[in-house]
Amino acid sequence: MSSEVFDRIKDLIVTKKGVDAEKVNIDSSFEELGLDSLDAVELVADMEEIFNVNIPNTDLQNFKTIRQAVEGLQKAISL
Amino acid sequence: MPDRRVVVTGTGVITAIGHNTDQFWNNIINGQSGIGPYEAVDSTLVRFQNGAEVKGYDPTAYFDQKELDLMDRFAQFALIAAKEAVKQSGMDCAIDNGTKTAVICGTSIGGVVSQEKTYTDLYRDNKTRVHPLSIPRTMPNSAASNISMHFGITGPVYTISTACASSNHAIGNAFWLIRSGICDRALAGGSETPFTYTFLKSWEAIRVVAHDTCRPFSKNRQGMILGEGGGMLAMETLESAQARGATILAEIVGFGMSSDASHITKPDQVGAERAIRLALEDGKVPPGEVDYINAHGTGTQVNDSMEIGAIKNVFGAHAQQVSVSSTKSMHGHILGGTSAVEAVATVMATLNNILPPTANYQEPDPECDLDIVPNVSRSKKIRYALSNSFAFGGLNAVLAFKKWEGS
Chain A
1 MSSEVFDRIK DLIVTKKGVD AEKVNIDSSF EELGLDSLDA VELVADMEEI FNVNIPNTDL
61 QNFKTIRQAV EGLQKAISL
Chain B
1001 MPDRRVVVTG TGVITAIGHN TDQFWNNIIN GQSGIGPYEA VDSTLVRFQN GAEVKGYDPT
1061 AYFDQKELDL MDRFAQFALI AAKEAVKQSG MDCAIDNGTK TAVICGTSIG GVVSQEKTYT
1121 DLYRDNKTRV HPLSIPRTMP NSAASNISMH FGITGPVYTI STACASSNHA IGNAFWLIRS
1181 GICDRALAGG SETPFTYTFL KSWEAIRVVA HDTCRPFSKN RQGMILGEGG GMLAMETLES
1241 AQARGATILA EIVGFGMSSD ASHITKPDQV GAERAIRLAL EDGKVPPGEV DYINAHGTGT
1301 QVNDSMEIGA IKNVFGAHAQ QVSVSSTKSM HGHILGGTSA VEAVATVMAT LNNILPPTAN
1361 YQEPDPECDL DIVPNVSRSK KIRYALSNSF AFGGLNAVLA FKKWEGS
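These protein sequence lines are chains A and B, in that order.
Position 72 of the first sequence, counting from 1, maps to 72 under the working numbering, and the rest follow consecutively.
Going from the second sequence to the working numbering is simple: count from 1 and add 1000.
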């Protein structure tokens, strides 16, 4: 598990979405953080920009937890 | 004054599956999809490569240079569809000096092809001036205004922008204007031309466009496919149509609209159901006599299951008898123009007693388990038909049509 990818997405969730930092864990779901599908689209777009990768729609639609997003991004980064 | 009855006496379309109603309907009954690689934009710069473009379109075959100078592609499509509808109808739009005729056009984004040109002239090519007619080409009301000027229509002329429900709102408003006696006839519909680089990139970013094709109600559906085109109905009072011996194609009997007031992109089934119920109530339509619904059916996971759920809740046991298809699988999602094109498909379905198919269908989805007319059109007696639109922004509009049976 890349702590860098997790740290960056956590930072975005805290700074751009106003979620309390202590609530954001690797196994948090977007829903329990009060984030909907559009929030997920925005966060992944920012992460794509940061790491210069493309996440396919079909992968993004399956991101229900932070872990799934981090793993999806990690897979794209390592390609 | 008692409510007057409103009938459709002409249709016009220009889409990826036909430049007129005959071609369009012929492709629909053959399940022929117009979705394929788009050419207006360099598709290597976009993550999705397919769309439903109007191919083989030569503007000079329809307009002289002076007219073309004034009109963006979206306005051209609206006027082409309006001319076809008026020609078929035979109606005189300029009767009473045109004061009792309305034009209501739907568009989500207006003249973006012209707007894109001004951007590239300024930001990319570092030009210091843009085309002098950039404003009249870009303004979203230019389609309605050009139709008004062409036919000498001087009554209510306006544009409705409610994203993907725009044209249903336009047709519904026109229906009410005629029914209430404010107008005697109307041209109503809409058009859209979304194939610009900035607009395709914007759709790419919001993650709802399929990378393969549009497969409404199929379990493996990936999303929508953008389309371009226009559609228009020529509508008038039953009295006027009968007095001049016009051929009546269908009757418009009901219109319902609602707003979800919940989420900007995620549809709310409660709002969709309410619009359907209101259209049925407005038209005094017996729910058990609705035989066909032209679905909003975008091909996104969220819309299609929500829409089937709404239909089941409204119709109860009768839902199993209602055939529900999405013609977007063939002409694409034409955004502000899409429900006009779908209204034409619905009128033709009731006229011919043929169910348009849902093309590109592959896998049954337990959440979409109604008769969605997979891939192949078929005959069915249609008494009443609905056409649904549920737009981004949570704005819903539903039209109810009745088969014209001669009285």
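Errors might be hidden in some of the hints.
Stated by the list, open to error - Examples of chain B residues toward chain A, derived with CB under 8 Å:
(1) K1201
(2) I1206
(3) Q1222
(4) G1223
(5) S1259
(6) A1261
(7) T1265
(8) K1266
(9) R1274
Everything labelled a hint here was simulated from the structure, so no lab data went into it.
Predicted, not measured: the structure shown is a model, and the values here were computed from it.
Where a beta carbon is used, it is the ideal one built from N, C-alpha and C, also for glycine.
Cross-check of the supplied hints:
1. K1201: It is violated, given that the least Cβ distance between B/K1201 and chain A is near 12 Å, above 8 Å.
2. I1206: At 6 Å from the nearest chain A Cβ, B/I1206 passes the 8 Å test, so the hint holds.
3. Q1222: holds (7 Å)
4. G1223: Holds - the Cβ of B/G1223 comes within 8 Å of chain A, reaching about 7 Å at its closest.
5. S1259: violated (18 Å)
6. A1261: Because about 16 Å separates B/A1261 from the closest Cβ in chain A, which is outside the 8 Å limit, the hint is violated.
7. T1265: holds (6 Å)
8. K1266: holds (7 Å)
9. R1274: B/R1274 check fails; min Cβ-Cβ to chain A is 22 Å, beyond 8 Å.
Checked against the numbered hints listed earlier, the structure breaks hints 1, 5, 6 and 9; every other hint is satisfied.
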